[in-house]
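Kindly generate the complete structure, drawing on both the sequences and the hints.
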Amino acid sequence: MSGKPQKAQKPQKPQKSQKPPKGSTQDRHDEQQTGRTGQDRPDRPREERTTAVRLNVFRTYKLFIGGAFPRSESGRVYQVTDTAGDWLANAPRASRKDARDAVVAARKAFPRWSGATAYNRGQILYRVAEMLQGRREQFAAEVAAAEGLPPGTAAARVDAAVDRWVWYAGWSDKVAQIAGAANPVAGPYFNLSTPEPTGVVAVLAPPESSLLGLVSVLAPVIATGNTAVVVAAEPAPLPALSLGEVLATSDVPGGVVNVLSGRTAELAGPLAAHQDVNAIDLTGAGPDPALARELEKAAAENLKRVFRPRAEDWTAGQSTDRLLAFLETKTVWHPMGV
Amino acid sequence: MPQTASAFADVAASDAALRRFLHGLPGVDAVGLQARAAALATRSIKTTAKAYAIDLAISMVDLTTLEGADTAGKVRSLCAKGRVPDPADRSTPRVAAVCVYPDMVPVARQALAGTEIKVASVATAFPSGRAALPVRLADTRDAVAAGADEIDMVIDRGAFLSGRYLQVHDEIRAVKAECARPGGEPDAHLKVIFENGELATYDNIRRASWLAMLAGADFIKTSTGKVAVNATLPGTLLMLEAVRDFHAATGTRVGVKPAGGIRTTKDAIRYLVLVNETLGADWLSPDRFRFGASSLLNDLLMQRQKLSSGRYSGPDYVTVD
Chain G
1 MSGKPQKAQK PQKPQKSQKP PKGSTQDRHD EQQTGRTGQD RPDRPREERT
51 TAVRLNVFRT YKLFIGGAFP RSESGRVYQV TDTAGDWLAN APRASRKDAR
101 DAVVAARKAF PRWSGATAYN RGQILYRVAE MLQGRREQFA AEVAAAEGLP
151 PGTAAARVDA AVDRWVWYAG WSDKVAQIAG AANPVAGPYF NLSTPEPTGV
201 VAVLAPPESS LLGLVSVLAP VIATGNTAVV VAAEPAPLPA LSLGEVLATS
251 DVPGGVVNVL SGRTAELAGP LAAHQDVNAI DLTGAGPDPA LARELEKAAA
301 ENLKRVFRPR AEDWTAGQST DRLLAFLETK TVWHPMGV
Chain Y
339 MPQTASAFAD VAASDAALRR FLHGLPGVDA VGLQARAAAL ATRSIKTTAK
389 AYAIDLAISM VDLTTLEGAD TAGKVRSLCA KGRVPDPADR STPRVAAVCV
439 YPDMVPVARQ ALAGTEIKVA SVATAFPSGR AALPVRLADT RDAVAAGADE
489 IDMVIDRGAF LSGRYLQVHD EIRAVKAECA RPGGEPDAHL KVIFENGELA
539 TYDNIRRASW LAMLAGADFI KTSTGKVAVN ATLPGTLLML EAVRDFHAAT
589 GTRVGVKPAG GIRTTKDAIR YLVLVNETLG ADWLSPDRFR FGASSLLNDL
639 LMQRQKLSSG RYSGPDYVTV D
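Just so you know, the protein sequences line up as chains G and Y, in that order. Read in order, the letters of the first sequence are residues 1 to 338 in the working numbering. Read in order, the letters of the second sequence are residues 339 to 659 in the working numbering.
Possibly wrong hints are sitting among the right ones.
Said to hold, decoys possible - Straight-line Cα separation of at most 30 Å, BS3-like style, residue types lysine-lysine; simulated pairs:
1) G:97 to Y:604
2) G:297 to G:97
3) G:97 to Y:412
Rather than coming from a laboratory, the hints here were simulated on the basis of the structure.
Right, here's the structure in full:
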């Protein structure tokens, strides 16, 4: 930052006796030391004081693990570009150890999140939608850049994502009514089946839809009380990483959603083979059937629930398929009468 | 210990002499100690070295249950776990010992019959040590009679902090005497717990280490696991250094046991690095170094499974204590 004005002067290195160029480090030092700002320095024309170019604060995108925003343990990043190939930002390139940490965080968050009342979970998810709505402009810009959409279409995608989030939030305390049952049995018992969250779910977000697709796969997983480790779309991870910031400010307990960015093929393997992951959504592996097959094999080791990739139109309506895919059924026999 | 006698024969002759000796020990450079512990903690132990370290750490675990709610059943299941830590992989080494309250010693003894796993028992009114000396000695006698191979005693921190060093020294001696088995059977080993969290300063930890070693401790142990601050890397490093100096002065090899708060493989390996760097490979053995822990074993097993299978394991694949 401070080097910039000096760069312009490169040919003649400022000598000690020389007066330093305006706006240089030394100049600013003077200001700090005398406690005077540029504003009240009489030796400077007013124009120059006010038109100083402000340097933007660039955002360093981070992972979202356990409610915190760490860099990748590996220290790696990769370049994220827009559809035209222009550089947008550097995103962390998570390693398998980040994936492991994310699973640990998700497991730790599971008892509290799954133990919360469905109503409470729904309220928290509504709040996520509220926060998402409040950052509509930012997300619209990110989605437009990531997917190469015209601004109007991108904004419509963000709106659809907010609406979808609300839709799934509403399902949180209603899913038991459709997935549960009071079963008729031949005996003096109540027999009740209720849906229970399966546990930690690894989600590979679809690469073609950076926010709407992500919301469509993530919201149904956590609405029912699961905790999630999401691998963001490899070519367009920025909206997902920003979503982490939304989640962090919406009362979602840390660890319920963990967002990783990086190479899907690198992260999906350890997640699929991880013995402490209960289910995996392979949607993001859709474009690579060989990878999807490998992952499904690895997931078989501990009998994970596997959601196979399928052709999806993210802008079309939503269904309860994904809600019901990551549930276990608990059946209780309860004596009647007495 | 003839050399001990010659080197430090008159140190414990009187309270004044003992105080003079303990306060004459060089003061601890706290910043340097912490920096060294932190620097050694950054060592990267991978692949085959990690596999070795994990197996070594498992063989050093004192599998511990010290709860008011302990039952014979819980002790038996803990012993079963000590015998076969990972039923899915029989190449897993056994733990060093099972550590219980004195009344559970017979149960553990029976459950561990036929194995080389030791039965360790806390004694002397663990964890506070606040009972009259005859009661504490009777507690020890009881555990030894029940068949404990190792006695974990607590020092009287009140006496230590008030400077009554000779009293602490003599009490350790008295407990050590209770550990003797006259009938030709091996004596119970004595581990002396300082409760570092209550000793307040590094200087005190160094003094307590020397005091216990002079009094004949076979092991010195950081803490009970019952207070807020338990085993720490700098505290343990300090004790290891005291053991090293004591060995240099007397030729006697004393063991060290950090206890409490060591929950992950990473932590355990850091301790092993400290041991190797301070005392050398001679101490990398369950006879000279132990971990007092209950949940550490599960993490070691999960890491072991990860190394052998290549995939991350989970708590579903180890027993719940």
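Here is how each hint holds up against the structure:
no.: 1; hint: G:97 to Y:604; result: 14 Å, holds
no.: 2; hint: G:297 to G:97; result: 21 Å, holds
no.: 3; hint: G:97 to Y:412; result: 35 Å, violated
When the structure is compared with the earlier hints, a violation turns up for hint 3 alone.
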